[in-house]
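Asker: Given next are the chains, with one letter for each unit.
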Amino acid sequence: MKHFLTTEDWPREDLEQLLVDADRLRGLKDQSLKGKTAALIFFNPSLRTRASFQVAMIEMGGNALVLDTAGTWSLEVEPGAMMDQGAEEHVKEAARVLSTYVDVICIRCFPKFQDWSVDRQDRLLHAFAEYATVPIVNMETIVHPCQELAHMLAVKDRLGAPDGKKYVLTWTYHPKPLNTAVANSSLLIATKFGMDVTLLCPTEEYLLDPRFMSASEENVKRSGGSLTISHDPQTAYRDADVVYAKSWGALPYFGRWEEEKPIRDAHRHFRVDEDKMALTNNALFSHCLPLRRNVKVTDAVADSPQSMIIEEAANRLPVQKAVLQRLLKGN
Amino acid sequence: MKHFLTTEDWPREDLEQLLVDADRLRGLKDQSLKGKTAALIFFNPSLRTRASFQVAMIEMGGNALVLDTAGTWSLEVEPGAMMDQGAEEHVKEAARVLSTYVDVICIRCFPKFQDWSVDRQDRLLHAFAEYATVPIVNMETIVHPCQELAHMLAVKDRLGAPDGKKYVLTWTYHPKPLNTAVANSSLLIATKFGMDVTLLCPTEEYLLDPRFMSASEENVKRSGGSLTISHDPQTAYRDADVVYAKSWGALPYFGRWEEEKPIRDAHRHFRVDEDKMALTNNALFSHCLPLRRNVKVTDAVADSPQSMIIEEAANRLPVQKAVLQRLLKGN
Amino acid sequence: MKHFLTTEDWPREDLEQLLVDADRLRGLKDQSLKGKTAALIFFNPSLRTRASFQVAMIEMGGNALVLDTAGTWSLEVEPGAMMDQGAEEHVKEAARVLSTYVDVICIRCFPKFQDWSVDRQDRLLHAFAEYATVPIVNMETIVHPCQELAHMLAVKDRLGAPDGKKYVLTWTYHPKPLNTAVANSSLLIATKFGMDVTLLCPTEEYLLDPRFMSASEENVKRSGGSLTISHDPQTAYRDADVVYAKSWGALPYFGRWEEEKPIRDAHRHFRVDEDKMALTNNALFSHCLPLRRNVKVTDAVADSPQSMIIEEAANRLPVQKAVLQRLLKGN
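Residue numbers (numbering that gives the first Met the number 0), protein chains in the order written: chain A, 0 to 330; chain B, 0 to 330; chain C, 0 to 330.
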């Protein structure tokens with residue numbers, strides 16, 4: 000497996016092995032990637048992902064270059080394009096040249112939030128994967144596979160085998176429409192690991208892209224889990240073992256967010272709070288951070304012993320070590 | 000002593016030891032911090048501080064991550080806040096998560112210059128110190144303790160024991176109101192090290208915050224030095240052994256700087272020049288850099304053999320090595 | 000030779016040795032610059048140069064600090080200036096202080112495109128060279144000497160000895176006026192290495208600065224090459240062995256670019272295409288990247304086996320290793 004773009008094309012057993020590796024790599028500093036360099040390209044800002052990737056490389060004896068493009072690097076992805084508009088460079092050159100300098104290229108590139116039919120193609124990531132001659136790692140585009148693994152590692156640490164456990168992915172309020180990446184990833188990993196998953200969201204319009212709904216349906220067939228859709232918190236939370244919260248913008252409203260705002264605002268009560276958590280089977284709570292406290296989730300839940308938010312974030316480091324080792328050393 | 004937030008809570012003998020350590024670490028490259036990583040978080044721009052901290056870690060075999068937030072990372076510090084405004088993340092999570100990735104967190108966060116009653120609380124720094132599980136180092140907030148030590152090391156190199164030497168901290172003209180941090184720090188360190196200190200500033204309104212005036216008064220009681228206030232350069236410079244120049248905005252005018260401007264402009268003659276220096280005991284001159292030449296100080300003074308501006312800046316490197324070693328190795 | 004500012008003051012045999020060194024250093028990772036640190040100062044954005052310099056230091060066991068000033072670091076270069084305007088710091092301090100932290104300072108500083116009589120002095124670079132006490136490397140100002148060497152290394156890899164080979168530097172269309180640095184550098188290196196050089200550009204107004212035209216004339220006297228000016232692609236391309244494409248703004252139009260636009264637009268046909276390349280002696284093609292495909296050059300040419308664009312970019316890494324070793328180790 001050359002790239003790490005999405006968990007969709009990784010079998011569960013390979014992901015399980017990455018989690019075993021990650022667990023072993025916790026706190027370990029070695030020279031396993033001595034002489035290796037990663038380019039971390041951020042088309043969108045990052046602190047946690049950037050810090051954890053950089054430390055991952057350093058703690059294995061390697062190095063990381065942070066290329067923070069801050070909107071200044073406009074890359075063409077279309078083959079054959081007449082490049083007389085904004086883009087100064089084709090990804091064909093960018094990917095091939097960087098491949099001669101570094102051993103792995105990690106990319107963060109969010110949707111542009113104007114047209115989901117474009118964003119859903121994740122073209123920049125795939126163009127890098129096509130042209131680069133070194134492995135590509137997804138640091139969040141329309142999925143966030145490293146977050147997925149960090150999350151599942153936290154779940155397994157607390158629950159043991161996840162199979163058959165009841166998992167709720169709940170939409171939660173946020174004043175702005177956000178990327179669906181972590182929601183997509185949550186659905187993918189929980190279904191792949193055999194959990195009984197409920198996707199709780201305000202309306203049908205908040206369902207995730209058919210690609211991820213279908214992949215999750217496929218996952219449950221293989222893993223023995225299940226996937227249910229709910230718009231009612233009271234039902235969805237009942238007997239849950241894990242509650243994962245994330246806010247996201249409804250796909251039909253890309254590019255006309257002012258029309259989505261009233262629906263969003265009408266569902267502030269989706270906030271994760273003590274009352275909802277009281278319906279669960281003493282469920283674990285998590286969120287990918289950053290977290291708007293008392294907007295997405297109450298302090299009481301975020302700070303409870305069942306909250307795994309810090310563990311999940313801490314897991315980014317060993318998980319990324321495992322992914323980087325797999326790609327760079329083939330182990 | 001877990002953090003290095005301000006010299007106020009460090010006894011003189013501990014600071015003296017840091018200076019001894021710094022002197023020993025000059026030019027030294029070793030592996031004393033092998034495997035250690037520092038996060039350098041800049042909420043305000045930096046070149047000198049950033050370069051010297053990064054090199055300090057590298058030359059001791061460690062590494063540094065530079066997290067340049069460039070205004071994009073708005074952190075909530077208030078416990079229990081309803082985070083529906085600008086801040087996307089609470090420092091509680093930021094500090095705890097980063098603590099799982101790195102061994103020490105260094106922070107630069109200037110006052111916002113709107114309301115000194117808020118700025119003077121230095122809340123972000125203290126919130127990091129409260130929530131982080133690794134040491135915190137102040138890279139300049141409302142004090143600048145690393146600059147203090149670099150300054151005092153330069154003074155000691157030139158003068159030997161500073162006790163009883165006459166020290167003038169002079170306000171000097173700058174077209175914009177600046178942070179009081181280095182002025183506060185100058186006062187704190189000179190009084191702590193037993194010097195006869197004169198604070199020379201245009202008017203009473205330019206006195207420093209009572210917290211630092213009082214701490215300096217306490218310092219002189221303990222150190223045997225003295226603290227005098229002057230608004231007259233002719234008197235203040237007489238027989239001085241050290242002249243330290245700094246410009247700062249008058250605290251009562253925070254948020255309404257246009258009212259301060261005429262006072263500031265009327266004191267352009269506070270510029271350090273040859274005539275004033277001629278009144279001194281062949282005094283050493285210093286300034287923390289960057290320095291507006293011929294505005295704050297004349298070229299003749301800045302380039303004279305008595306000028307320590309380059310030495311003081313160069314001292315940032317060994318001083319920070321000493322601080323980082325103390326915090327990370329406990330030596 | 001202390002600095003690497005321009006190839007003008009480096010004899011051909013020294014440059015040849017750098018290319019021999021670069022060839023040897025390809026793919027090599029050693030500890031030859033262990034404990035050495037480079038400061039990479041970018042007054043203009045960079046990805047390729049930044050990545051290749053950083054990796055060069057890392058792969059020789061050293062480190063690099065990236066100081067991305069993003070317009071926030073305004074340095075005074077005039078000796079004796081009254082610094083009451085925009086500049087907060089004099090290069091005198093900046094260069095001397097950084098020299099105490101790092102072992103080499105690499106600088107990118109483009110022309111400001113308002114007044115060529117100012118830009119052509121390249122004052123910031125020369126001020127750093129004057130005040131710094133460590134070597135200075137030019138990462139592109141009004142020349143781009145590292146690109147020159149990477150280009151010539153690619154040429155030699157493909158052609159062997161370049162002497163007597165026919166070389167065309169062609170202006171090519173770009174929607175915006177660009178820096179002349181790479182054009183100047185192309186002319187300098189091709190003439191220094193004994194090639195029969197044709198400078199192909201739309202009109203007399205696109206000739207390069209007299210400094211570089213004269214230096215190139217001097218080069219051909221010494222190297223036995225030649226220098227011809229042409230405004231006719233049909234003639235210029237005939238029997239060429241190497242075609243190097245670059246777009247640049249005409250020097251007389253600095254600061255009034257709207258007047259240059261019609262001339263520029265009238266020469267879109269200078270684009271490098273298959274028809275023109277068919278006139279050549281199966282010429283190699285190159286360009287320094289980034290490249291606007293199908294604007295500056297057609298896909299068919301850029302992707303042909305004769306295209307060296309990726310090789311030239313890849314050569315940046317070993318060339319810069321060779322330059323850094325020469326300056327830091329004297330070998």
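Any given hint might turn out to be false.
It does not matter which identical chain is meant; a pair holds if it fits inside one copy or across any two.
Claimed, not checked - Quick list of in silico lysine-lysine cross-link-like pairs, DSSO-like style, CA-CA up to 30 Å: (1) K28 to K175; (2) K328 to K260; (3) K328 to K28; (4) K111 to K328; (5) K1 to K220; (6) K220 to K328; (7) K1 to K155; (8) K220 to K260; (9) K155 to K260; (10) K260 to K175.
No lab work stands behind these hints: they were computed from the structure.
Asker: One pair to classify: K328 and K260, alpha carbons no more than 30 Å apart. Within, between, both, or neither?
Answerer: For K328 and K260, neither the intra-copy (47 Å) nor the inter-copy (52 Å) Cα distance is at most 30 Å.
Asker: For K220 and K328, with the copy left unspecified, which applies at a CA distance of at most 30 Å: within, between, both, or neither?
Answerer: Neither way: K220 and K328 sit 32 Å apart in one copy and 53 Å across, limit 30 Å.
Asker: How would you classify K28 and K175 at a CA-CA limit of 30 Å: within, between, both, or neither?
Answerer: Intra 39 Å, inter 47 Å, cutoff 30 Å: neither.
Asker: Taking 30 Å as the upper bound on the Cα-Cα distance, should K1 and K220 be classified as within, between, both, or neither?
Answerer: For K1 and K220, the Cα distance is within 30 Å only inside one copy (26 Å; across copies 53 Å).
Asker: Could you place K328 and K28 in one of the four classes (within, between, both, neither) given a Cα distance threshold of 30 Å?
Answerer: The answer is both: 16 Å in one copy and 17 Å across copies each meet 30 Å.
Asker: Using 30 Å as the alpha carbon limit, work out where K1 and K155 are close: within a copy, between copies, both or neither.
Answerer: within (26 Å within a copy, 34 Å between copies)
Asker: Regarding K155 and K260, is the shortest C-alpha distance of 30 Å or less found within a copy, between copies, in both, or in neither?
Answerer: Neither: 36 Å inside a chain and 62 Å across chains, both beyond 30 Å.
Asker: For K220 vs K260, is the C-alpha pair at or below 30 Å within one copy, between two copies, both, or neither?
Answerer: neither (36 Å within a copy, 62 Å between copies)
Asker: Using 30 Å as the alpha carbon limit, work out where K111 and K328 are close: within a copy, between copies, both or neither.
Answerer: neither (34 Å within a copy, 46 Å between copies)
Asker: Could you place K260 and K175 in one of the four classes (within, between, both, neither) given a Cα distance threshold of 30 Å?
Answerer: Classified as within: same-chain Cα gap 8 Å, cross-chain 40 Å, threshold 30 Å.
Violated hints, in rising order: 1, 2, 4, 6, 8 and 9; the structure is consistent with all others.
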